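Please construct the entire structure, taking both the sequences and the accompanying hints into account.
The primary structure of each chain is shown beneath.
There are 2 protein chains.
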Amino acid sequence: MSRVSCAACKYQRRKCTSECVLAPYFPANQPKKFQNAHRLFGVRNMVKILDELKDEDQKSDAMKSIIFESDMREKFPVYGCVECISYLHQQLQITLQELQDVLSQLEFYRQHPTATYPNFDR
Amino acid sequence: MSRVSCAACKYQRRKCTSECVLAPYFPANQPKKFQNAHRLFGVRNMVKILDELKDEDQKSDAMKSIIFESDMREKFPVYGCVECISYLHQQLQITLQELQDVLSQLEFYRQHPTATYPNFDR
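Chains as they are written, first to last, in this note's numbering: chain A, 1 to 122; chain B, 1001 to 1122.
It is worth saying that the hints were derived from the structure and are not from the lab.
Predicted, not measured: the structure shown is a model, and the values here were computed from it.
Where hints are given, some of them may not hold.
[To be verified] When the alpha-carbon atoms are kept at most 27 Å apart in a straight line, the in silico DSSO-like pairs for lysine-lysine are as follows:
{"no.": "1", "chain 1": "B", "residue 1": "1033", "chain 2": "A", "residue 2": "54"}
{"no.": "2", "chain 1": "A", "residue 1": "48", "chain 2": "B", "residue 2": "1010"}
{"no.": "3", "chain 1": "B", "residue 1": "1048", "chain 2": "B", "residue 2": "1033"}
{"no.": "4", "chain 1": "A", "residue 1": "64", "chain 2": "A", "residue 2": "54"}
{"no.": "5", "chain 1": "B", "residue 1": "1059", "chain 2": "B", "residue 2": "1010"}
{"no.": "6", "chain 1": "A", "residue 1": "48", "chain 2": "B", "residue 2": "1075"}
{"no.": "7", "chain 1": "A", "residue 1": "64", "chain 2": "A", "residue 2": "48"}
{"no.": "8", "chain 1": "B", "residue 1": "1015", "chain 2": "B", "residue 2": "1054"}
{"no.": "9", "chain 1": "A", "residue 1": "64", "chain 2": "B", "residue 2": "1033"}
{"no.": "10", "chain 1": "B", "residue 1": "1075", "chain 2": "B", "residue 2": "1059"}
{"no.": "11", "chain 1": "A", "residue 1": "32", "chain 2": "A", "residue 2": "10"}
{"no.": "12", "chain 1": "B", "residue 1": "1075", "chain 2": "A", "residue 2": "33"}
{"no.": "13", "chain 1": "A", "residue 1": "32", "chain 2": "A", "residue 2": "64"}
{"no.": "14", "chain 1": "B", "residue 1": "1054", "chain 2": "A", "residue 2": "33"}
{"no.": "15", "chain 1": "B", "residue 1": "1010", "chain 2": "B", "residue 2": "1033"}
{"no.": "16", "chain 1": "B", "residue 1": "1048", "chain 2": "A", "residue 2": "48"}
{"no.": "17", "chain 1": "B", "residue 1": "1010", "chain 2": "A", "residue 2": "64"}
{"no.": "18", "chain 1": "B", "residue 1": "1054", "chain 2": "A", "residue 2": "75"}
{"no.": "19", "chain 1": "B", "residue 1": "1059", "chain 2": "A", "residue 2": "32"}
{"no.": "20", "chain 1": "B", "residue 1": "1064", "chain 2": "A", "residue 2": "48"}
{"no.": "21", "chain 1": "A", "residue 1": "15", "chain 2": "A", "residue 2": "48"}
{"no.": "22", "chain 1": "A", "residue 1": "64", "chain 2": "B", "residue 2": "1075"}
{"no.": "23", "chain 1": "A", "residue 1": "15", "chain 2": "A", "residue 2": "75"}
{"no.": "24", "chain 1": "B", "residue 1": "1015", "chain 2": "B", "residue 2": "1048"}
{"no.": "25", "chain 1": "A", "residue 1": "64", "chain 2": "B", "residue 2": "1048"}
{"no.": "26", "chain 1": "B", "residue 1": "1048", "chain 2": "A", "residue 2": "75"}
{"no.": "27", "chain 1": "A", "residue 1": "33", "chain 2": "B", "residue 2": "1059"}
{"no.": "28", "chain 1": "A", "residue 1": "75", "chain 2": "A", "residue 2": "59"}
{"no.": "29", "chain 1": "B", "residue 1": "1032", "chain 2": "A", "residue 2": "59"}
{"no.": "30", "chain 1": "B", "residue 1": "1064", "chain 2": "B", "residue 2": "1032"}
{"no.": "31", "chain 1": "A", "residue 1": "48", "chain 2": "B", "residue 2": "1032"}
{"no.": "32", "chain 1": "A", "residue 1": "15", "chain 2": "A", "residue 2": "32"}
{"no.": "33", "chain 1": "B", "residue 1": "1075", "chain 2": "A", "residue 2": "59"}
{"no.": "34", "chain 1": "B", "residue 1": "1048", "chain 2": "A", "residue 2": "33"}
{"no.": "35", "chain 1": "B", "residue 1": "1033", "chain 2": "A", "residue 2": "10"}
{"no.": "36", "chain 1": "A", "residue 1": "54", "chain 2": "B", "residue 2": "1075"}
[As the list claims (entries may be wrong)] FRET-style restraints, in silico, Cβ to Cβ:
{"no.": "37", "chain 1": "A", "residue 1": "93", "chain 2": "B", "residue 2": "1107", "range": "21 to 27 Å"}
{"no.": "38", "chain 1": "B", "residue 1": "1004", "chain 2": "A", "residue 2": "76", "range": "31 to 37 Å"}
{"no.": "39", "chain 1": "B", "residue 1": "1029", "chain 2": "A", "residue 2": "112", "range": "29 to 35 Å"}
{"no.": "40", "chain 1": "A", "residue 1": "98", "chain 2": "B", "residue 2": "1108", "range": "34 to 40 Å"}
Where is the CB? At the ideal position from N, CA and C, for every residue including glycine.
Here you go:
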């Protein structure tokens, strides 16, 4: 029975065997996914990462993170996935500040239960 | 005047010239920084990323993100810098939930200015 080459083997124009360690992560119908990962890390480095992990779930999670990093680098050539980290960090700071503000309002209400309620709305 | 080889040239046992594009990012006294980046991306891919960016500030930012990703991959072999993204995402969700809870308490106080104040402390 003929075997459909994975995107990695197809791109490298080589025969894809049942031993191909990249096949589970790069299906033939998603060539872009492999191209981004190949471009950023190279096949050798990806295989090395896989070789160093014994657990199948860990291999799968590692490849998901590798593919994510590659896709982010394609989208953001300067910052790669640090773009996501910066965004999340910024959102967290904004939300923490908002929480602090609301806690201050709450404290005011607790301290002045009968006071006229100022409008703290932002 | 003799030039001190950068960590990249030292590691590759080659002469470091004033044209070395990696020298600004890999000082001789920080060999680990280069080893991690070399291990994850390889010299060729790093040089390619630098070649594709024209602006010096962008090159510098790109190398900072590359070095960060490499260091994170060394620290977290399975998730790399996705570990940071997951952590920040989780913290953001917790903080947003806390904000939502405190806003609900505040709304209660506004709606019931003379009520006995329940203890919402978590």
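Exercise for the section: Could you grab the alpha-carbon distance between residue 54 of chain A and residue 1075 of chain B and see if it respects the 27 Å cut-off? Expected result: Holds - the C-alpha atoms of residue 1075 of chain B and residue 54 of chain A are around 17 Å apart, at most 27 Å.
Handout entry: Given pair status - residue 1048 of chain B, residue 64 of chain A, alpha carbons within 27 Å
Key = Distance of about 23 Å is within 27 Å: holds.
Exercise for the section: Sort out whether residue 75 of chain A lies within 27 Å of residue 1054 of chain B, counting only the CA atoms. Expected result: holds, 17 Å
Handout entry: Holds or violated: residue 64 of chain A to residue 48 of chain A, with C-alpha atoms at most 27 Å apart
Key = holds, 15 Å
Practice task
With a cut-off of 27 Å on the C-alpha distance, tell me whether residue 1075 of chain B and residue 33 of chain A pass.
Solution key: holds, 25 Å
Problem - Distance restraint between residue 1015 of chain B and residue 1048 of chain B, which requires alpha-carbon spacing of 27 Å or less - result: Roughly 20 Å between the alpha carbons, so the hint for residue 1015 of chain B and residue 1048 of chain B holds.
Exercise for the section: Confirm or reject the claim that residue 98 of chain A and residue 1108 of chain B have a C-beta distance inside 34 to 40 Å. Expected result: violated, 18 Å
Problem - residue 1048 of chain B paired with residue 48 of chain A [C-alpha distance capped at 27 Å] - result: Answer holds: residue 1048 of chain B to residue 48 of chain A is near 21 Å, not above 27 Å.
Handout entry: Restraint check for residue 64 of chain A with residue 1033 of chain B, where alpha carbons must lie at most 27 Å apart
Key = holds, 24 Å
Practice task
Would you check the hint for residue 1015 of chain B and residue 1054 of chain B, treating anything up to 27 Å between C-alpha atoms as holding?
Solution key: holds, 25 Å
Handout entry: Straight-line alpha-carbon gap residue 1010 of chain B to residue 1033 of chain B, limit 27 Å
Key = Roughly 13 Å between the alpha carbons, so the hint for residue 1010 of chain B and residue 1033 of chain B holds.
Exercise for the section: With a cut-off of 27 Å on the C-alpha distance, tell me whether residue 48 of chain A and residue 1032 of chain B pass. Expected result: holds, 18 Å
Going through the hint list in order, the structure does not satisfy hints 17, 23, 35, 39 and 40.
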